[in-house]
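A.B. asks: Respectively, the protein sequence lines represent chains A and B.
Counting with the working numbering, you get residues 1 to 115 for the letters of the first sequence.
Counting with the working numbering, you get residues 1 to 178 for the letters of the second sequence.
These are calculated hints, taken from the structure and not from any lab test.
Simulated pairs of lysine to aspartate or glutamate, EDC-like, Cα-Cα distance not exceeding 20 Å: (1) B:LYS163 <-> B:GLU174; (2) B:LYS163 <-> A:ASP16; (3) B:LYS159 <-> B:ASP127; (4) B:LYS159 <-> A:ASP16; (5) B:LYS163 <-> B:GLU140; (6) B:LYS159 <-> B:GLU140.
Here are some chain B residues the structure puts well away from chain A; computed CB gaps all over 10 Å: (7) THR2; (8) ASP39; (9) ASP42; (10) ARG68; (11) ARG73; (12) THR84; (13) GLN125; (14) ALA128; (15) ALA153.
All C-beta atoms in this analysis are idealised placements derived from N, C-alpha and C, irrespective of residue type, glycine included.
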Amino acid sequence: MADRDPLPLVPTEGDDPALVARLTALYAATPLPPEGQAEQCARAVLARAMHQPVRAADGVPRIRWWWGAAAAAILVIGVGVRGISGRQPTVTTDAAPAGAALTGTVTPTPAGAAF
Amino acid sequence: MTDAELIARTRAGDSDAFGALVTRYYPVCWRFAVHMLGDRTDAEDVLQEAFLRAYLAIGRYDERDQFRGWLFRIVTNQCRNALTSRGRRVRRFINDEDAIGQAPAPLSELFGDVDHAALSHALSQLDATQREAVLLKYAEGLEYTEMTALTGAGESALKMRVKRGIDRLRSLLEPPRG
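Just chain B, same shape as in the assembly (with noise of 0.2 Å):
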């Protein structure tokens, strides 16, 4: 069944339909959170965010655009208000030991290989808008005008989160000299 199939159904009231959709871009959507976030739990916590206000939201979407870009312009804005209030949380308990011990593996360790882990380490380093403008341009492999419909920033300011984005991570994985 095609997403504008899936989408009508669930207008109409069919909540199996967008349990369709939801399990179709579940992983795709997972993906980003995991890298964007650096955290599984909070991953997930963020997608049940996003895929209620889609749901909730669904009456308003309108066809002309990509149900993909569409979902994952939600998914990118819950991935800032998640990051905001994580930045706030830092803040108010950076020098809780307890916390700080309790805290989720990153995910680097996920990953058993090494320059995969390194990478995903680096990735974690950057500054969230260019972590965001990294992995639309280059993982998800969306065009610039593509990536402004769905952050609201203008493609100049994209393109030069992204090239600060690929210095910096070629920096953080230059082995260190002497």
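Bound conformation, chain A alone (with noise of 0.2 Å):
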């Protein structure tokens, strides 16, 4: 029996030497960005960058410096308008203060007696 070319599972890539020179020159030829653009693109970035959460090599959120420096000014305002010691608590009791004699009467509810 003889042998058969087994059929080709990965195909070859089309090499066409004319197209692919072509296609060469066509991507050479393709007009540069304008004057400016890039510097432009990279500004807007940054500016767009300042507004997104920035991560660490790990992958962590960090946290900017300015909202420590912001939650620091929070407290230190809150601090110096209301002291560091604040209201004075207030404490409340139930209980009847000591030595201090029951008045009243005590009236028996008769059996039966609805609430």
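Reassemble the complex: the two chains are provided individually, in unrelated frames, and hints are given to aid placement.
C.D. replies: Here it is, written out as structure tokens:
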């Protein structure tokens, strides 16, 4: 039985030197981006990045320094306005003061009374 | 200054260093995005998004990879996203004559050379995955292993896309018979 060529499971890319040369020439002839567009892109990216959470190398969001500064400022202002001690706590109790005499009368509830 | 130095300075918070990386890689990314999308405005938007993502993720960039390849992976993904959302828009507005009239000029009109214009037009007719594979292989000159890392597709699938893309380009560029 004659050997037959195996079916090509992985096709070879359709090399067409002339077409490939045309593609390369087309790519090389692509107009460059307008002057200053790259710099404009960089500026836009950096401006947008200010409003995005930045992640550190381990992927954990990095806390920007001004978040800490803002929190500290709020704390300082809050303490300045109210004082460190703030208001004195008030203590209430239901217990009668020691030594107070109990007054009043005790009325027994009649049997069978409806509440 | 090398890419590694600029990346290290960017990570340390030097925004000028990232600006230098953008300036260095913008033209190559632009060329790819323009041919992938066939539209300069879309390419500009896609590149801004891609560079933003690169900036935000630069802490996770592994120095063992080539920066260009890493960046190209982001650009390729953004081009795919843009093509997907454009597909949705086209399906929604396909009957809107005004929208069609105001559409930007096709990329082929940018080329004075008739041959370039015809090839650019034929390229825009390819399926997006075939166009991506053909551009990465023959315009960017990548090896299949690099293309696999970049696109996430298997090597045999990429070879198939390149072959079909080239076949289709050839048939599109053939002069009409008769």
